[in-house]
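S.K.: Spelled out, the chains give:
There are 2 protein chains.
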Amino acid sequence: MSDEKNEGVLARWGEGLKAKSSSLKAKVVELLRKTKKLAKDDPRRIVHSFKVGLAITLVSLFYYFEPLYDGLGASAMWAVLTVVVVFEFSVGATLGRGLNRVLATSLAASLGFGAHFLADLAGDKAQPVILSLSVFIFAAITTFIRFFPRIKARYDYGFLIFILTFCLVSVSGYRDDEILQVAYRRALTILLGTFIAILICLFICPVWAGDDLHSLVSNNIQLLANFLQGFGVQYSNESKEDELLEGCKSVLTSRQTEESLVNFARWEPRHGAFKFRHPWKQYRKIGSLTRQSAYRLESLNSYLVTETQTPLHIRDRLMKSCSKMSIESSNALEDIASDLRTMTQPTFPNPHIEKSKAAMKDLKAALKIGPGDGDIDLLEIVPIATVASLLIDTISCIEKIAESVGELGSLANFKCVEAGKSSGLELEQEHQKLPNSAIVNDHCHVVIVD
Amino acid sequence: MSDEKNEGVLARWGEGLKAKSSSLKAKVVELLRKTKKLAKDDPRRIVHSFKVGLAITLVSLFYYFEPLYDGLGASAMWAVLTVVVVFEFSVGATLGRGLNRVLATSLAASLGFGAHFLADLAGDKAQPVILSLSVFIFAAITTFIRFFPRIKARYDYGFLIFILTFCLVSVSGYRDDEILQVAYRRALTILLGTFIAILICLFICPVWAGDDLHSLVSNNIQLLANFLQGFGVQYSNESKEDELLEGCKSVLTSRQTEESLVNFARWEPRHGAFKFRHPWKQYRKIGSLTRQSAYRLESLNSYLVTETQTPLHIRDRLMKSCSKMSIESSNALEDIASDLRTMTQPTFPNPHIEKSKAAMKDLKAALKIGPGDGDIDLLEIVPIATVASLLIDTISCIEKIAESVGELGSLANFKCVEAGKSSGLELEQEHQKLPNSAIVNDHCHVVIVD
Chain A
5 MSDEKNEGVL
15 ARWGEGLKAK
25 SSSLKAKVVE
35 LLRKTKKLAK
45 DDPRRIVHSF
55 KVGLAITLVS
65 LFYYFEPLYD
75 GLGASAMWAV
85 LTVVVVFEFS
95 VGATLGRGLN
105 RVLATSLAAS
115 LGFGAHFLAD
125 LAGDKAQPVI
135 LSLSVFIFAA
145 ITTFIRFFPR
155 IKARYDYGFL
165 IFILTFCLVS
175 VSGYRDDEIL
185 QVAYRRALTI
195 LLGTFIAILI
205 CLFICPVWAG
215 DDLHSLVSNN
225 IQLLANFLQG
235 FGVQYSNESK
245 EDELLEGCKS
255 VLTSRQTEES
265 LVNFARWEPR
275 HGAFKFRHPW
285 KQYRKIGSLT
295 RQSAYRLESL
305 NSYLVTETQT
315 PLHIRDRLMK
325 SCSKMSIESS
335 NALEDIASDL
345 RTMTQPTFPN
355 PHIEKSKAAM
365 KDLKAALKIG
375 PGDGDIDLLE
385 IVPIATVASL
395 LIDTISCIEK
405 IAESVGELGS
415 LANFKCVEAG
425 KSSGLELEQE
435 HQKLPNSAIV
445 NDHCHVVIVD
Chain B
5 MSDEKNEGVL
15 ARWGEGLKAK
25 SSSLKAKVVE
35 LLRKTKKLAK
45 DDPRRIVHSF
55 KVGLAITLVS
65 LFYYFEPLYD
75 GLGASAMWAV
85 LTVVVVFEFS
95 VGATLGRGLN
105 RVLATSLAAS
115 LGFGAHFLAD
125 LAGDKAQPVI
135 LSLSVFIFAA
145 ITTFIRFFPR
155 IKARYDYGFL
165 IFILTFCLVS
175 VSGYRDDEIL
185 QVAYRRALTI
195 LLGTFIAILI
205 CLFICPVWAG
215 DDLHSLVSNN
225 IQLLANFLQG
235 FGVQYSNESK
245 EDELLEGCKS
255 VLTSRQTEES
265 LVNFARWEPR
275 HGAFKFRHPW
285 KQYRKIGSLT
295 RQSAYRLESL
305 NSYLVTETQT
315 PLHIRDRLMK
325 SCSKMSIESS
335 NALEDIASDL
345 RTMTQPTFPN
355 PHIEKSKAAM
365 KDLKAALKIG
375 PGDGDIDLLE
385 IVPIATVASL
395 LIDTISCIEK
405 IAESVGELGS
415 LANFKCVEAG
425 KSSGLELEQE
435 HQKLPNSAIV
445 NDHCHVVIVD
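Protein sequence lines correspond, in order, to chains A and B. Residue numbers for the first sequence, in the numbering used here: 5 to 454. Residue numbers for the second sequence, in the numbering used here: 5 to 454.
Warning: the hint list may mix true and false statements.
Identical copies carry no separate label here, and so any pair may be met within one copy or between two of them.
Pairs of lysine-lysine, DSS-like flavour, derived with a Cα cap of 30 Å [as the list claims (entries may be wrong)]:
hint : residue 1 : residue 2
1    : Lys324    : Lys24
2    : Lys404    : Lys419
3    : Lys44     : Lys29
4    : Lys253    : Lys156
5    : Lys40     : Lys253
6    : Lys156    : Lys289
7    : Lys41     : Lys285
The hints are simulated quantities; they were obtained by calculation from the structure and are not laboratory data.
Using the sequences and the hints, build the whole thing.
M.R.: Structure, rendered in structure tokens:
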């Protein structure tokens with residue numbers, strides 16, 4: 005009896021264990037799948053991880069070798085800390101952080117030394133009071149300065165490090181008699197750490213924020229082109245695809261990444277086809293126009309989903325023009341995207357924009373309803389009229405996008421290719437590998453978890 | 005002659021100096037104006053600056069008083085560092101950073117100690133090799149883990165600190181014979197710094213990310229209500245206001261701040277009307293629906309700017325319904341915003357939504373065109389038809405917003421007020437002070453500089 009009971013308990017226990025181990029197994033498999041996807045979406049992530057490991061290991065060598073250690077002593081720790089904190093995914097972000105850190109440290113160390121010197125003059129009793137007061141005032145003012153939007157965008161980290169170093173130097177000066185040596189060693193190790201981080205980030209498979217910005221902005225235009233293409237075909241075929249809408253929505257959410265990338269790219273030196281003072285800010289303008297037409301297309305989408313009740317004879321007349329308009333607009337956007345990608349000066353006026361304008365005229369003519377059409381419930385025409393009107397709106401947006409890409413072209417001296425566009429093919433192949441979601445995930449601080 | 009020349013030079017020099025000083029003066033005045041505006045937009049910024057100054061000064065006292073210093077020694081520096089790095093604007097952000105830092109430090113310190121112990125066993129020659137290898141592997145793996153979106157959203161800082169501490173402990177263990185003491189002191193000082201930062205952040209005029217999220221989401225709904233109200237009036241009056249459009253556009257760009265605030269708010273304890281496990285994620289849903297109707301309204305706007313050429317007799321018929329629809333929708337949104345703000349369970353069905361649906365029916369009836377209307381150029385009706393159709397679309401969006409606020413209400417046990425809504429007035433007054441731009445600027449890492 006007892007044996008049976010025991011067996012029953014054992015069996016249940018075994019089953020429980022089995023269930024748990026199989027659910028654990030499922031979780032591990034899921035984790036591996038996600039890891040693989042993460043690495044596959046953007047292989048640069050693996051390279052980046054190895055680069056960080058290499059940089060930290062290199063810096064930690066200072067501890068192991070006597071001659072290196074003797075020069076720096078325990079301060080070598082600051083070099084390790086610097087590498088960990090400064091090493092970012094893109095060259096621009098790393099350079100920005102590194103420069104901020106080095107400049108802020110130097111400035112704060114000298115000011116902290118000055119505060120210490122002044123406090124020293126005031127005598128033993130007053131010293132802590134003066135030091136505390138200066139720490140309080142500097143910390144409060146610097147914290148407030150960090151709220152200025154322009155400073156927050158590019159120098160936030162520098163101001164943080166400024167408070168940090170000022171406090172460390174001025175406060176530890178109270179105890180440490182070798183304050184000059186402390187400040188000097190701290191500055192030197194931070195310089196060293198920053199140097200190693202920048203060196204490895206720059207020379208081993210560098211990730212350029214500028215490249216990613218360039219791809220992101222041209223990808224976004226391409227996504228709109230795809231959407232319009234699909235829309236034009238759908239309007240005659242009645243098939244719908246969620247993927248295209250997802251693409252269009254991802255354009256709407258890429259603003260903050262674009263902004264980060266512009267800020268990073270501005271730190272970057274000349275690389276590839278981009279010069280040092282490449283007009284990065286112009287990308288912001290193109291991006292915002294792209295989003296403006298994405299708003300239109302997003303609204304357009306609801307007229308695909310709602311059943312259209314337009315009377316057939318009017319519908320046929322209008323549909324052809326609408327379809328033509330969206331396909332020509334899509335071609336125009338595709339042209340713009342490929343010109344941007346290959347850094348070619350776009351041709352003015354774009355033939356596809358002209359064609360879609362012609363289709364617009366046809367549409368307008370088709371909208372004239374004679375007495376032969378009989379009674380009309382305007383309500384039935386509303387959906388297709390809305391589509392027409394949003395498409396007309398989109399064309400003027402596309403013209404603005406073409407203009408701003410043209411401006412970028414003249415600012416950045418894009419090459420002029422009159423006949424044939426094959427020369428930019430390498431650049432195109434090089435730039436079109438990454439999906440937008442990977443770029444957004446790589447560079448943005450705030451990640452949206454759906 | 006020479007005198008005259010000298011005088012001329014002096015005069016020019018004086019003029020140059022004057023011009024320079026006046027331009028400098030203008031710049032200083034401009035800076036003061038901006039500073040004042042920054043402080044006025046959100047006075048909590050000044051309070052925050054003083055709080056940071058106070059926290060750092062408090063921590064630096066450890067250096068000045070013998071008994072405190074004797075316990076911690078030079079490690080007291082880590083406490084200063086911790087306060088500077090952990091102290092964020094909102095309680096949620098500070099708690100998140102602090103917990104990340106403390107947990108990551110403890111875990112990494114014990115692992116680093118383990119690595120040191122293992123390397124010790126391997127003998128003098130192999131020790132640096134084993135240590136370097138473990139640093140490389142841990143750094144690379146941790147860096148890769150930081151790419152997982154879910155981890156990046158909430159634990160990014162923790163993983164950064166993990167690498168940092170692991171390297172520091174395992175590497176400095178090679179030199180330092182008192183490694184246990186080093187690890188212990190580091191952990192203790194970091195705990196101390198975090199404790200002081202959290203204490204001051206929590207008890208002196210705390211800024212709750214949850215409160216700001218709540219205001220941001222309800223403000224956004226209110227902005228749409230204002231826009232629709234203005235639209236309804238404009239459609240009869242032909243006056244236009246840029247401010248309303250700006251409000252609508254700011255809704256479109258608040259997504260990332262909303263996401264940050266959700267992540268911060270989830271760290272926060274019970275405060276005010278919010279419980280510990282307040283359903284913060286539901287705000288994400290309401291926010292995204294709000295943005296969805298903002299897209300519609302943004303498209304709507306272009307039909308105000310374009311000159312409407314609709315024939316008068318049809319226009320008059322339609323305009324009244326359109327105007328009514330947008331004003332009723334606006335009232336519905338205003339209701340929802342105020343219910344959310346005062347945390348009142350919204351009434352179902354919302355009477356204003358019902359009224360705007362009735363207006364929609366009128367509009368649909370008005371869209372029937374009989375033979376008496378004569379020849380019609382559909383093109384002339386397109387603008388107003390589009391407006392009608394976008395408005396109809398907006399109503400269904402508003403219904404969804406009302407639903408999701410209702411869901412939030414039942415998840416968070418909003419109070420039910422059947423008759424009169426005066427009871428929530430205090431909360432309303434408390435919550436409506438800040439403009440969205442201030443909230444976005446305070447909490448977002450990436451700031452857009454226009």
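S.K.: Each of the hints needs a verdict: does it hold here or not?
M.R.: Going through the hints against the structure:
{"no.": "1", "hint": "Lys324 to Lys24", "result": "neither (60 Å within a copy, 65 Å between copies)"}
{"no.": "2", "hint": "Lys404 to Lys419", "result": "within (21 Å within a copy, 50 Å between copies)"}
{"no.": "3", "hint": "Lys44 to Lys29", "result": "within (22 Å within a copy, 57 Å between copies)"}
{"no.": "4", "hint": "Lys253 to Lys156", "result": "both (28 Å within a copy, 22 Å between copies)"}
{"no.": "5", "hint": "Lys40 to Lys253", "result": "within (25 Å within a copy, 39 Å between copies)"}
{"no.": "6", "hint": "Lys156 to Lys289", "result": "both (21 Å within a copy, 29 Å between copies)"}
{"no.": "7", "hint": "Lys41 to Lys285", "result": "between (33 Å within a copy, 26 Å between copies)"}
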